[in-house]
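Chains as they are written, first to last, in numbering that gives the first Met the number 0: chain A, 0 to 434; chain B, 0 to 434; chain C, 0 to 434; chain D, 0 to 434.
Because the hints were derived from the structure by calculation, they are not lab data.
Every clue listed holds true.
Heads up, the list lumps identical chains together, so a pair's fine if it works in one copy or across two of them.
Distance condition first, Cα-Cα at most 30 Å in a straight line; then the derived BS3-like pairs of lysine-lysine: (1) Lys176 to Lys123; (2) Lys63 to Lys263; (3) Lys263 to Lys136; (4) Lys383 to Lys336; (5) Lys336 to Lys123; (6) Lys263 to Lys383; (7) Lys136 to Lys336; (8) Lys136 to Lys172; (9) Lys380 to Lys63; (10) Lys136 to Lys203; (11) Lys63 to Lys123; (12) Lys380 to Lys263; (13) Lys336 to Lys413; (14) Lys176 to Lys136; (15) Lys380 to Lys390; (16) Lys336 to Lys172; (17) Lys413 to Lys198; (18) Lys85 to Lys383; (19) Lys336 to Lys380; (20) Lys383 to Lys63; (21) Lys390 to Lys263.
Protein chains: 4
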Amino acid sequence: MSLYTYLFYTQTSIAQERQSLERMLRFEAELAQAQAACGIIPQQAADIIQACCRIEFLDIEKLKLEIRLGGNAAIPLVQQLTRIVKNNDVEASRYVHVGATSQDVIDTATMLEIQEWMQWFDAKLNELAHVLFELTKQYRSTIMMGRTLLQQAKPMTFGLKTATWLEAVLRSKRRMKGMEILGLQLQGAVGSGNSAIQKEVQQKMAQSLGLPLAHSWHSNRDNFAEWASFLGILSGSLGKMAKDISLLMQTELGEVMEGAADGKGGSSTMPHKRNPVTCAAILANATRTPALVSTLLSAMPQEQERSAGLWHAEWETLTTLVELSAGSMDKTIDLMKGLEVNEERMLANVGMTHGLIFAENVSLALTPAYGKLQAHELVEKACKQSIKQGKSLQEVLATMDLPIADLDRLFVPKNSIGNSLSTIDEILQSYENTL
Amino acid sequence: MSLYTYLFYTQTSIAQERQSLERMLRFEAELAQAQAACGIIPQQAADIIQACCRIEFLDIEKLKLEIRLGGNAAIPLVQQLTRIVKNNDVEASRYVHVGATSQDVIDTATMLEIQEWMQWFDAKLNELAHVLFELTKQYRSTIMMGRTLLQQAKPMTFGLKTATWLEAVLRSKRRMKGMEILGLQLQGAVGSGNSAIQKEVQQKMAQSLGLPLAHSWHSNRDNFAEWASFLGILSGSLGKMAKDISLLMQTELGEVMEGAADGKGGSSTMPHKRNPVTCAAILANATRTPALVSTLLSAMPQEQERSAGLWHAEWETLTTLVELSAGSMDKTIDLMKGLEVNEERMLANVGMTHGLIFAENVSLALTPAYGKLQAHELVEKACKQSIKQGKSLQEVLATMDLPIADLDRLFVPKNSIGNSLSTIDEILQSYENTL
Amino acid sequence: MSLYTYLFYTQTSIAQERQSLERMLRFEAELAQAQAACGIIPQQAADIIQACCRIEFLDIEKLKLEIRLGGNAAIPLVQQLTRIVKNNDVEASRYVHVGATSQDVIDTATMLEIQEWMQWFDAKLNELAHVLFELTKQYRSTIMMGRTLLQQAKPMTFGLKTATWLEAVLRSKRRMKGMEILGLQLQGAVGSGNSAIQKEVQQKMAQSLGLPLAHSWHSNRDNFAEWASFLGILSGSLGKMAKDISLLMQTELGEVMEGAADGKGGSSTMPHKRNPVTCAAILANATRTPALVSTLLSAMPQEQERSAGLWHAEWETLTTLVELSAGSMDKTIDLMKGLEVNEERMLANVGMTHGLIFAENVSLALTPAYGKLQAHELVEKACKQSIKQGKSLQEVLATMDLPIADLDRLFVPKNSIGNSLSTIDEILQSYENTL
Amino acid sequence: MSLYTYLFYTQTSIAQERQSLERMLRFEAELAQAQAACGIIPQQAADIIQACCRIEFLDIEKLKLEIRLGGNAAIPLVQQLTRIVKNNDVEASRYVHVGATSQDVIDTATMLEIQEWMQWFDAKLNELAHVLFELTKQYRSTIMMGRTLLQQAKPMTFGLKTATWLEAVLRSKRRMKGMEILGLQLQGAVGSGNSAIQKEVQQKMAQSLGLPLAHSWHSNRDNFAEWASFLGILSGSLGKMAKDISLLMQTELGEVMEGAADGKGGSSTMPHKRNPVTCAAILANATRTPALVSTLLSAMPQEQERSAGLWHAEWETLTTLVELSAGSMDKTIDLMKGLEVNEERMLANVGMTHGLIFAENVSLALTPAYGKLQAHELVEKACKQSIKQGKSLQEVLATMDLPIADLDRLFVPKNSIGNSLSTIDEILQSYENTL
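Full structure from sequences and hints, please.
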């Protein structure tokens, strides 16, 4: 438990140490059962082994100390398990972990963990999609400035912004569903299998663990890397939303606000501030996840049938990566649920350039007469005049005798939001189609 | 053209500067045609614009200089194109690039580039899969040591190694096919569209360019990040093969060799060496690609409707990443095609521990009688004795009166390759099923 | 020459391919001369070799093709050089590159390049420091909002901001001066030296090339990694300045502006915008450099006496890293030289919260009477009331009968800039002391 | 406490959560004392505050929960401290944390932590240097193969290898000593200071904490990045040693061995193996640290006077980075202390190419007569013949009537180690000079 457990992370037990050990024990229990079902070990031995596969029986501190000697968690776990079984039944202890290798236990346990995470993320992605769907419906027509390179550009609606976020979330969902990354690892010392873990055993194990069958991927780690990439991409998409909100929360924009909670976002010295605390956490996570993905990619060229170091580099990296991504996921849902939208400030900000942001409308209106380039240059000149003279662009243009029928129309914000509404409606519809 | 063009890269023109500019011109030509087809601009103007969209007409050096001013390649390209059209037909020049924004041009051009790369990689993945299929068939039964943590572990066959590589390649192929990352970008200044680039225009553009329709993804870059991840994963998988081969090429192992070419792999001072030059290039690329992926993930939280810096960070990074990945792809095909396999050395190396590598066989054989742990300990003791006395493990064990019927059988390499052959056959079959 | 040569980079020839080859030729020429001076090869041979070490004599395209075979640039370079010498004097050709190894040539050439870059950066850091010194003097007392977590916090002066930038630049300068990273590489095949490159030869080479003597660092690359880190840190510091400026340029803040140049910062569709184009380039570079540093750190665990891949990963990575860093350096100088500061907007923005930003002043003034926590809470309440009632904080507080003598004084911006001016003066003085 | 605490890390309490909080409390205590000494707050209040600054008084779980609200650890810590003081003395509670900002507390506490780490690393670097010095002396003349690109190249001595490692360690020591990265952070909300934390207070704080004075570096983070880079470089240097040892431990080389400990390095299925477990841990760390450095570099462009996210990204990243680096440090010392060197295998491996590795000697000997290129080609031919005919190179050459006086001499290993011994002696001497 780090000092920042509640700031950056979500409170799920999936990646906790006990859960990890339990999944390894589950591997050993199911292996024994599968081997018994195939007549490789006695059924009674399998039952005793299974009964002994309980986290309460392990001496976890001792296990941790011994990892230093063997180099991975499976070695002391199997040793302890064997002794526990032996204390119950000497005969049965002969049948623990037969034919399997340490990496079989660890990799399969990780697959089971990923499986749990995928369910977790699926539910959370659904929840976030739903919140964004609601926000999009609610603010479908709320006019705000679109901003490019941090400059006011053209009006749009807030619903268009949330709709593009929603699309990113839906793509993440499809991306996760599309991955074929799960697979049982049960291949023995060098991935060649042996008589104790033959095909039939593998099939029974795969079925009982709910994992697809696979050949050895002991040192071919592309599936791990794909899972890492999915998480990195997701964290990036969530970071994009937090970036937007933190910018819109700036005192000078004031268009949205993180939901208030007692004591939330306050500064120790400036009582008036409303800091984007949740955004900061999500952005911090999005700053950290890319490097963790790169570590897992760097760890891919694993030597021969099992790596000396690269495999080991995966363990904690993957855990931190998934925990940060899950933290961002949860926090983004909170952020969106509590979001306070200031429609007045949004509209007020549309007006702050005295019409300059409608310049493109004028350009487009002049293009038939002058062509794109000349229209652009003419309007650029008018803009400079407007700034210099402190007049609105509309006033400046009114004096210029231009071939435009209804100049006023070009300066009405809701006439300048392009296809925002139809785009939003398509996205809302496509979301509903996924339900 | 870098000094190392031929060492790290492949010689395709896909990512070259001229091709990039041609794809942008293609965007402008097809935009005009789509707008003409929808009655937004005159057909004649569209035809003139299209005729002017030729790379030969551009002043590329001037364009590069002007990128410094506008901040992206589309701005000076549209300016030059407009002038070129104007020189031919003043009227037509009014209809260049109407309603589109710079990022529409650049992002769509990148999508077209990715599309070309996907075809390129598909063909290359097929070629590599085929070579690995052939290698696997050829060396299906060639006995070699499996090695874990760089230590001799248990025998397997060389075909099993190449078969697991083959599976990684087939997964890469499916991974690429499964990605839905392509999409037309045609959404105007802030992604809201406008009357000049309405739905109908987008549909025609999408069709003529062979890209799926999409809503604005100007600042939601997950699809780019997924493409980057795919490349990073692929480079890692190829790096894994090069890592194995470079290790197997060690003087002390001598089991495989990069194909000889006149002057290849020589050292300037040691005429006898056969350096893993191609492996070194592939490994260098696999060392560089993870960081490039992380850059593209770091660039995801793009501000508002267009980023000031993060979008710009993508351009060259994506190019370097795809070029390194393609280089590795091509070089791995060469490597595998030319691979020299020394079956004698492989077999000789199996014998070098005087039977120690068969210890697990003995452990397994003793497990029914003693249980896993005790069997393990007994064999460990025998191994230490064998090393100390300089005798083979088999000799040591023979003196120990163990409950093993046929000790010799446990020391025959081909009896110790587990399910290598059946695993290989499954993988070969699954490859053939993809054809 | 990439499409974006002028956007992200500076135009120096230091890292260009011809310069790199010339530095390798310089190595060969000086090696021959040093060996002649030590009586190891004939002086006449050395003179002929030196005369042949001219870039014009090389067939560069052929050299590039042959790098593919030998795996590094030195092998074909030495081959070509030997042939060139042989065409002039068969006897002399026997004395080319005697006793040296490829990596000696390449690493030493890189050291010579770094030496040139250090001079380049030293001059540029001086130039940037000077511009920041001038900006700091000019805007020493220009009141602006300090902003934390993107929220208005407390007033300060613009000079304080530029002064902290200046300090970062001065630290970078000292950091570069403090590095002991340069060293001659001349150690032969495995770093053990030999009679042809004995100590005396090394000393003469080191002297003629202006490099410190060093023992073999063929596969101990910490000095390279330190150079990379220096560049990464510098790019980050420059990115920080660009980040600040791009945020201050936001339409809603409008406090500073990149200098105008004809056509600079315009948008293709929004003629009124003034995009932070230079900032975007510097930020793009700062997004890319961290990953390149990580590549060079990842490349450190090089195998034995020369790596198969990690050494190769350094070459282009180091070049891109230094070129991006130099680009940022140059662009930041331009940015600061042309910076337009809008003092009116700065002051106006100080007033936009109707006094809320002075809340800490009130807190501090109330602390003697109420204690920090209670004072904070009281002021927090007043702030909420001010926002709710649309009144200034000063008005709200005036109705609350507080133990504060002169409430007005607390709301005068220049009374709230803390020690800004004395801090600035110290920094200006410390800069002057460095001259 | 992670599952892998003992595998990857060292057991020091420096970075533990309690220590971190204690350093923050120390900041508050010394701040109060410094302010009392300057007459800003009553001495009695300072004494009470100091007495209350005890970790035992904090409700750490509550503090963690509240970090979620305020966004950093200092806010709830100051709140708790104020309440604790208030429970003792209402008057004194008014003087807690006066004038300081959260980041002052956190950054200064981190500086104090870095200060402790620097002492820790200094002692460890001394210890490692000493072990390497002893190894170098012991194996000064132990002949082994030098290997380049994983191929046998030329003989050298094992002492030369350890001597180059020693030099890297000594450079790391100098690098750490040369850094000027420590500095008090005490600048208030926006870095401008205020009357409660004026110069005199800063001076007293700096003195009592043993930190240099500094102006605000709230958002200029180059010093943090330099510390991170130092750690990344160090981990890379240690990784290089572990890489070498893990390669030398390969069954086929068998030249060195990690020290045996009961149960250490065993495999769960292969009782005969001696896995490079410690090397694997150090290599895993070296695979992870580069990405963490890149995160800290990516976090440099912090917005304005305090960042929303990038500052937050530093906290855990820096902790993980320093803990992994410290882990590698400790483990490398263990590794070197226990290293078993097999001098017979080293010498035997020198002979395994039947003289091919002496080819360069022959080349050099022929150069005066034939020139470098022709000599090289001639020897290359002889090598091929040797391999083809299964004869030693010496035998082949003996039949060729070459202008070499004493062919035998060229094939004596100790004649082929170049300047290994003198290089070693220089390095040993330079180490002794540092004592």
